[in-house]
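There are 2 protein chains.
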Amino acid sequence: MTFSYNQLFTFTEAVFRSIGCPEDDATLATETLLSADLRGIDSHGVARLVGYVRLWEAGRINPTPRVGVTYETPSTAVVDGDGGLGLVVGPKAMRVAIEKARQVGTGWVSVKNSNHFGIAGYHAMLALAHDMIGVAMTNASPLVAPTHSLDRLLGTNPIAVAVPAGEQPDFVADLATTTAANGKLEIAQRKQLPVPEGWVQNADGSASTDANAVKNGGALLPLGGATGSHKGYALGAVVDIFSAVLSGANYGPWVPPFVAFLQPPTDPVGQGLGHFFGAMRVDAFRPADEFKAHMDNWITTFRNAHAIEGRKVLIPGDPEREMAAVRLLDGIPLLDAVIKDLEGVGQKFGVKL
Amino acid sequence: MTFSYNQLFTFTEAVFRSIGCPEDDATLATETLLSADLRGIDSHGVARLVGYVRLWEAGRINPTPRVGVTYETPSTAVVDGDGGLGLVVGPKAMRVAIEKARQVGTGWVSVKNSNHFGIAGYHAMLALAHDMIGVAMTNASPLVAPTHSLDRLLGTNPIAVAVPAGEQPDFVADLATTTAANGKLEIAQRKQLPVPEGWVQNADGSASTDANAVKNGGALLPLGGATGSHKGYALGAVVDIFSAVLSGANYGPWVPPFVAFLQPPTDPVGQGLGHFFGAMRVDAFRPADEFKAHMDNWITTFRNAHAIEGRKVLIPGDPEREMAAVRLLDGIPLLDAVIKDLEGVGQKFGVKL
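As given, the protein sequences belong to chains A and B, one line each in that order.
The opening residue of the first sequence carries number 1 in our numbering; numbering runs sequentially from there.
The opening residue of the second sequence carries number 1 in our numbering; numbering runs sequentially from there.
Same shape as in the complex, but just chain A (with noise of 0.2 Å):
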């Protein structure tokens, strides 16, 4: 079944105001959410409006935060998110990020305090409008094992970068550092399929296609799998360091996680879940549209590379730009177990999907 963009929106900023969000927030929140869903990245979208609203009756978000920098240097700043919505703290953090790169070329944000953000890409990307890259990072629920590990440390901590070109698309790169997204995991499980080899591992550690593996102990792997998952683990490690250890927030096991039916570590070493945010002017290293040309000439010379039979060479962000002009004329489809979701929600509230 599908909805339309607008339908969407208007239920979830409801219940966004139902669990106490003042307006401009619930309408931020919802903004930073749905991108997910228009840009086809089902698993991060609406369909985890419960679990936040569920962290909310746990007492795990605080709706009404009062987000401020709390340490500072021309281009660079700590926030501190005061418990609330990633996806209310994320925007504005990178507005923080933002206004530095204004001042002095580059901005750079470490956020404590925080939760789940959404999409990374949808952070990044709001650093294009002012002609600037944006530079998006969260750590997230440990679900991943270093190379050799058994234990899981670190979550699939994505990175997004966003540049902006001329007169082609805007380049938006975001990639979890694991071989496979949670969401293609629960996926298979639902459809009781083989993963690939190289997405988890056992839990002792042994290479596994089983798409249950992680619920039963096993581990997501980092990006490069079976042929060299020490890149994936390197680069996770980076985006948990940026975002949790130079804010103060919870890094690797002590990170908090998403769904409310697991506590958090009784013994943090930080505060909420971190992100890392960064902002430069493209004009902080030569003139904006010659900047500008030569991305266009980069992003035609890459799409119109010879391709493999019946392939094409794509654009990082392509396919997600592609996705959101079809989800926004014809709407967002959302499977059945997600329409009762938010239907349960939406009684709870008093708000009709």
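Calculated directly from the structure, the hints in this document are not laboratory data.
It is possible that some hints are incorrect.
Which copy is meant is left open, because identical chains are indistinguishable; a pair holds if it fits in one copy or across any two.
[Claimed, not checked] Think about it this way: if two alpha-carbon atoms lie no more than 20 Å apart in a straight line, the pair counts; the simulated SDA-like pairs of lysine to any residue are:
1) Lys312 x Asn202
2) Lys184 x Ala226
3) Lys215 x Pro196
These figures come from a predicted structure and were not determined experimentally.
Following the hints, complete the assembly by docking chain B onto the known chain A.
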């Protein structure tokens, strides 16, 4: 056969002096180059000295570059390498980044008109002594096919991030954005062994385990290889854009080849090849001792994780640091072919190995 670090240092320095490098530059280039041999990245060390000499003979390296800032803001700069050795241009550009970080918290430097700079990790590590996080990347000769591409449009484009710790050794991630570095392929070629799936593709884009595939018109694959090369492609693309589109260097297929027998493209889109450097003062985010105490906790937590039978969980940088300690004491082993090359270079300039 094994050579002491000092012996190789004296020899290499004399060779760089012989091609016209001023004394300080020759020393700096030698230190940069040999950091690869010490750390066990044999493909990027003294084995490449002949390659640099050949580029100089072909008139493609300026031994007396005037390396300088051509564009800047308080937190950014573009550095023109003036066609010099990347081994010299890199550390000089990194100094600019460090100086800017001292002033405004972070410094970000994009470099044009440079050449191959050795290992990325060396440059990133220059920040450590200043209690800064160091970042280094570079683009490189196009040997890598983006996902679905038959054309080789990217280099192995490494990313290095060095993070200072307190009592623990520093964290140093240094990774090519390909599944395997070209050096590993060369080793398999020499031993006439197949390579794992996901390293390379054939000229028609089909999966291959042939170590000679790249030589025969195929390509290296981005990190993720068989199970999702789009992520490595996106990362390699970001490195290319930060290193060259920001600075005005050549990008994508226009990056000049390292080997002197291949001519650079006759229609350059910029100058030389490009690098990107960053330095972030950790005390631009929180007090340095607090940061380092948490890095120590991060490192010991990961190092002490339960590991797969017979393995241990390593911290990025562990193997290279341990190798450097061994090789400083026991010397650096060189292959016969490398020794012969070096003796040839030595004879040319009247320098004894």
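Hints versus structure:
no., hint, result
1, Lys312 x Asn202, "between (35 Å within a copy, 17 Å between copies)"
2, Lys184 x Ala226, "both (18 Å within a copy, 16 Å between copies)"
3, Lys215 x Pro196, "within (17 Å within a copy, 29 Å between copies)"
Of the hints listed earlier, there is not a single one the structure fails to meet.
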